[in-house]
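Visitor: What follows is the residue order along each chain.
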Amino acid sequence: MMMYPQLVIEGVYFAIISIVMVFIIVFYILTSRARRSVESSNVHSEAGGMERGERNWMLFLFSIALIGNIVFLSPLLPSARNTLYSPEPALRVEIHVEDYKFHLPEKTIRIPAKTPVEFVVVSEDLVYGFGIFRKDGTIVFQMQVVPKPYVNRIIWVFEEPGTYDIRSTEYSGPLHPWMFVSDAIVVEEVGK
Amino acid sequence: MNEDERKILALRFALVALLFFALAGIEGILMRLRILNQLTAFFDERHYYSMMTAHPFVGIYGWAYMAVMGAFYFLVPYVMKRDIYSKRAAYASFWLMIIGIAIIWTTTFVTHYAPLYTLYWPIPIAIELAGWHPAAIFSFGIGVTLVLAAVLVFFFNMFATIFLPVRVELNGGERLGAGYVFKELMLTAFNLDKLWAKVKGIPHYTARVFNYPVFVVAVFRGCVDTTLNAFVIGGVGLLLASFGLYHLISGDSPGFALIDPLVYKNVFWWGLDLIADGNVLIFTAGTWYLVVPLLLNRRLYGEPVVRAVILADLVVSLFVWNHHMLADTPQPLALQIQGQLFTWGELITMGLTIFAVLATIWHARPVKYSAPLKFILASMTGYAIGGLAGIIQANYAANRYFHNTQWVIGIHGHIQLIVGLSLTIFAAIYALFPLLTGKTLSERLADAHLLLMAVGGVVMGLAMGMAGTLGMLRRTLYPMGLGVYKPYMIVAVAGALMMATGFVVFLINVIRTVGLSTLIKLFLPQR
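Going down the list, the protein sequences come from chains E and A. 3 is the number of the first residue of the first sequence in our numbering; add one for each residue after it. 514 is the number of the first residue of the second sequence in our numbering; add one for each residue after it.
Okay, chain E solo, but in the shape it has when bound:
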């Protein structure tokens, strides 16, 4: 399986929580066994100000929040490039959803790779979801489909040629799991 963006994010996340879990185990061992070196600071918070350690920790958290926001708002992720820095669409695909069915403009939607495509999805009745999945089940992108009068739009650039499925990504009633269109989109290499 290729290193899709969500798998990279998951890898970073697992690295962080591994550190957290090791920290807690070490903390448990140290606090269970360590001798009290200084008779202690039970008065530490009487002064009313911020402790030095607390201040440093807060600055660290602020820094992480700042870095995190910069990373996620930058064009680093394909999803950010395609949504926050949307290129002008070269193609428009309009899809209607009604009574638990996707109505596609054609049986198989053909799209050139590396070309900005705007998906416009309109629901005639309920809240649905619109997700595009690779054949291995991994998600490419998704959006919610808020019913009329709203029109739901997303621009996407498919980097990889291949065949993709469409699936509703939001529960809308017991028929929801059947809202699946296999081989709905074929992304072709440019020039073919």
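None of these hints come from the bench; they were simulated from the model. Ideal placement from N, C-alpha and C gives every residue a C-beta, glycine not left out. The hints are all genuine.
So the derived list for chain A, only partly shown, Cβ under 8 Å to chain E, looks like this:
| hint | residue |
| --- | --- |
| 1 | THR894 |
| 2 | PHE915 |
| 3 | LEU986 |
| 4 | TYR991 |
Using the hints, position chain A against chain E.
Guide: Positioned in the frame of chain E, the structure of chain A alone reads:
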């Protein structure tokens, strides 16, 4: 109420909460098996989604709220050395909650009404499209309204216990009105007295009425969020009940266009997310602030900052709802970015909260870890694991991949609720058990309980999350086969069974300590 009556009240709440926890657990395991396309002969798709609708109500309101209510009905008067404002209201909240959840559960079980807890307009009223019966909509709406009415009665009782009388008479006979009381409350509770002194140009601000422990500040701060939540979700319950009744009487529907689906979704998530902040985060933090210093016989580290953080988190909590709507493209982009930025604020407030508790333990070393303390340490780990997952999915760009997947409900939702919140509730149960019953639970069995629940919860949550990263959705069955997600779902079942075993160990511990007959007698009239 005297203290003995409050003990019985707390034990009754705790026992019913544990029954709901067991019910939610059984539902969870059944649904896990059904996702694997097992049990299909007697567990059809409609039944699955109706169970999924009842499950969060049983788990959040039946288990978490009832346990919190029972604990706070005992602890708040205990800490403040005063009685509960109203015994009648306390029992009203007890019965309203039980009846409300019983109605929701029965409605979904009998009629297979399944709008899920998200209740996205107009799914709950899609009679023709989804096949709901109007009587089911009415009944479900009444159940939701009663549950949230129970919550409101509880908070009224808490606010009244903490704040009344609003007119305070000082020793010299001077009477202070509600305005003064409120101002002083805000200044002292949230550590704003120094700021106020600077503004007024005075050396010190001296409080004349209040000296609330930080636990009580957290309780009433959490009550603000959860009261707002109760008005919103209770309002949706009333709306559904009215709609169902209208349809039953007229045989017709007022139509979907009655309510704007996007505005509704915004209001709904604004209200619903306040549970996460008020109940899941702040009530938990309040419990840590109380239990850890009590067990270690120390002051809470950095208490003045903790008070300010509690207030800061209230502000943050009012502006984070949009992280549930990052995949709604008609939503204005400014709101999307705002939702992302404020959600990162929770990293800071929860990070400072956990830091204060860990620092309190650190300064008390060497620490003899009793069961409640071990549960709290595990709970904080759960919050760190689940909270970080929440921060990741709450980014506008990352949400394109994670929204509505098993990542959200597995790593974030269930690890927060089971390893984070539930282990804190169990910590409170282990800590209060000797106070309420005069007996102590076995530490060895408590260790087994903790290990099974914490490891089981993390295994289940991480396995679900990894399936979510691959694209497995939440709130759906895969009748055409699970494909690559299947191994993860098998591991998730193993985690769920570990948790169930842990809970059985806990029940054995309780029953062998106090006896089954004592538990049954709790529900008989007391002499």
